[in-house]
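Visitor: Listed below are the residues making up each chain.
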Amino acid sequence: MATKTTKGIIGIVAVAIIILAAVLIFKSRDTGEIKIGSIMPLSGDAAAYGLPLQKSAILAIEEINSQGGILGKQIKIIFEDGKCTGKEASSAAQKLINVDGVKVILGGLCSGETLGAAPIAESSKVILFSPGSGSPDITNAGDYVFRNFPSDASSGSKIAESAIEQGYVKVGVLSEVTDYAQAVSRVFKNKFKSLGGVISTDESFSSDASDFKTQITKIINAKPDAVYIVPQTPSKFGLVLKQLKELGYEGPLYTNEIAAGKDVLEQYKNEIDGAILAEPLFNPDDPISKEFLDKLTARYGELAGALPPVYLATTYDAVYILKEAIESCGEVKADCIKTHLYSIKNRKGTAGLLTLDPNGDPLFNYVLKVVKDGKVNEYKQ
Amino acid sequence: MVLLQLLVNGIIAGAIYALMASSFSLIYNIIKFMDLSPGALFVVSAFSAYAFNILFGLNFLVSLILALIIVSILAILINKIVYKPLRNKNASNFILFLASFGVFLFITALILLIFGAEVRTFGLPITRGYEISGAIITKTQILLIVISLVLFLLLQLFMKTTKLGKAMRAIADDKQIASTLGINVEKTIAITFVISSLLTGIAGILVALEQNPEHTMGLSVILKGLTASIIGGIGNVPAALVGGFLIGIIENIGIWFLPSGYKDAIAFVILILFLLFRPKGLFGVKTREEASG
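Protein chains in written order, with this note's numbering: chain D, 1 to 381; chain U, 1 to 293.
What the hints contain is simulated information worked out from the structure, not anything from laboratory work.
Among the clues, some could well be false.
Said to hold, decoys possible - Straight-line Cα separation of at most 27 angstroms, DSSO-like style, residue types lysine-lysine; simulated pairs:
id, chain 1, residue 1, chain 2, residue 2
1, U, Lys187, U, Lys160
2, D, Lys369, D, Lys380
3, U, Lys175, U, Lys160
4, D, Lys245, U, Lys139
5, U, Lys139, D, Lys269
6, D, Lys76, D, Lys189
7, U, Lys139, D, Lys223
8, D, Lys87, D, Lys73
9, D, Lys375, D, Lys55
Chain D with its partners taken away, still in its complex shape (with noise of 0.2 angstroms):
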């Protein structure tokens, strides 16, 4: 027996060791090509911002490679679905860094992944780069984490403040309980209450419910001045307008940028009229802006379906700056790349001038919108 034993613990050593020198030798293997990794929601309600944004960096991507690549090498981007939260992202965090090897991620989208990749990016010294993610809690994730999509802390706070300045006392929220959505009605309601307001109910919902009843009528019941809704989808978006409006809701609304994506505005027309949202400053007629909105609408045919497009964007520009990085470089080294993203000032990008603060985050500026007949104006007050 012991024998047999033994023999088998050889086996199983043996078998460990051929896999672990053929994946190292894998590894060392100069693939002649620069492999960048990527977190993104690829499958769930949250593709509907993942797989448009996927097509958005694939163009950069594969712009760059038409004009050479990076360093003379030609960058392979892999896609990992981080579908939409922290535990799937590390997951594919652990993956792209240790199996793929890579040093530089491009993500995650929703604030859930980022924060469920920082970690483990931050422990192995890898870029986590993200296009879009907003929680205020990103700010501090980590010194190898950085993004080019604005902290939505000042959306919650700007809509506080646009509240009490109607004179809304009393207001209902509605949030969806994800990192991204949590963590901007915590700075609404933290704000509307130094303000003097008073929440009269937080409700808030599962990403994989439907019917959201209930809530809306403990919220219609206590009688609120105006209930401020904040979804990570625009799928459960529209849901909740429509039930809304079937419980006999009418006053005023206020919610966060994904009221600004056109499957909203088209679909729910009625619904979202009057509602005032904040929004990252975009302009998308500005030249270069319209520029990329064209050769992206060009290549992939109409995008912008679920997203506003600022997100499509502010994922191009993040491939090239890290283009950018890795060619000031000279090579694909964390360290460097991460010192030459704090360096960033005024850079001019389709998302507009980017600047990145000590956080890694971006000075980016929200804006109040207001929704008439379909489209998204600016608010005044």
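Guided by the hints, dock chain U onto chain D, whose structure is given.
Guide: Same frame as chain D, now just chain U:
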């Protein structure tokens, strides 16, 4: 009246759970394993009806019928390609359960691939619901409840009075004896899958009208439908109906008192309590072996 509104909200949710639970119970009854593929058929039906009605511009009723034909064919195919070979190899119920989960994931992913994740609606006008002594309910929601109850009654009638229904019950009791009595077991199983798929299919379309077609819509009805059928007493179709409405009502009244984040938790706490203290469900009967042993 807030309580009445909560009750109405609960009944609407319950009608969906009840339909799904009947579908699960029906299949469990006859092949004795928890088949998750109805979750996939639910999604397929919603998206087929959407595609015919909105993308191809067909009349709604025609779209509904075409969608139901598609899910019935799919149900027969799933049984034939996946379950029957496994049954012939005497695969355990656990293997069949896993296979059905695989079917569910595969079909859901396929729907995402074909339709993408954007917002889709049937474009029905959104209006304030009717107010009945303080509780608000819309036309679609009333339709949902009525159809759910009518389908249930039809199913009962079918099981009790038709030859096929009796054959199904005979197989549920004992497959071997049913077979010796000259009942075509495989054919009856296939028909059961079709009937279950019709229930699921109609539920899928109704829910899509009310809550839009989404490729993710299958999972929550699987969880709630299974919970309802277990609470009612697994394999007992009428009890599944009661289980469905019970869960719908309890979770909606429950979150009036608790933060709404606990909505799903309420349903699953009930499930755990039932599994611990009343594993046979509300109306569970002893199986033949237990009764004799």
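Visitor: Can you name, in rising order, the numbers of the hints this structure does not satisfy?
Guide: Violated hints: 6 and 8; rest satisfied.
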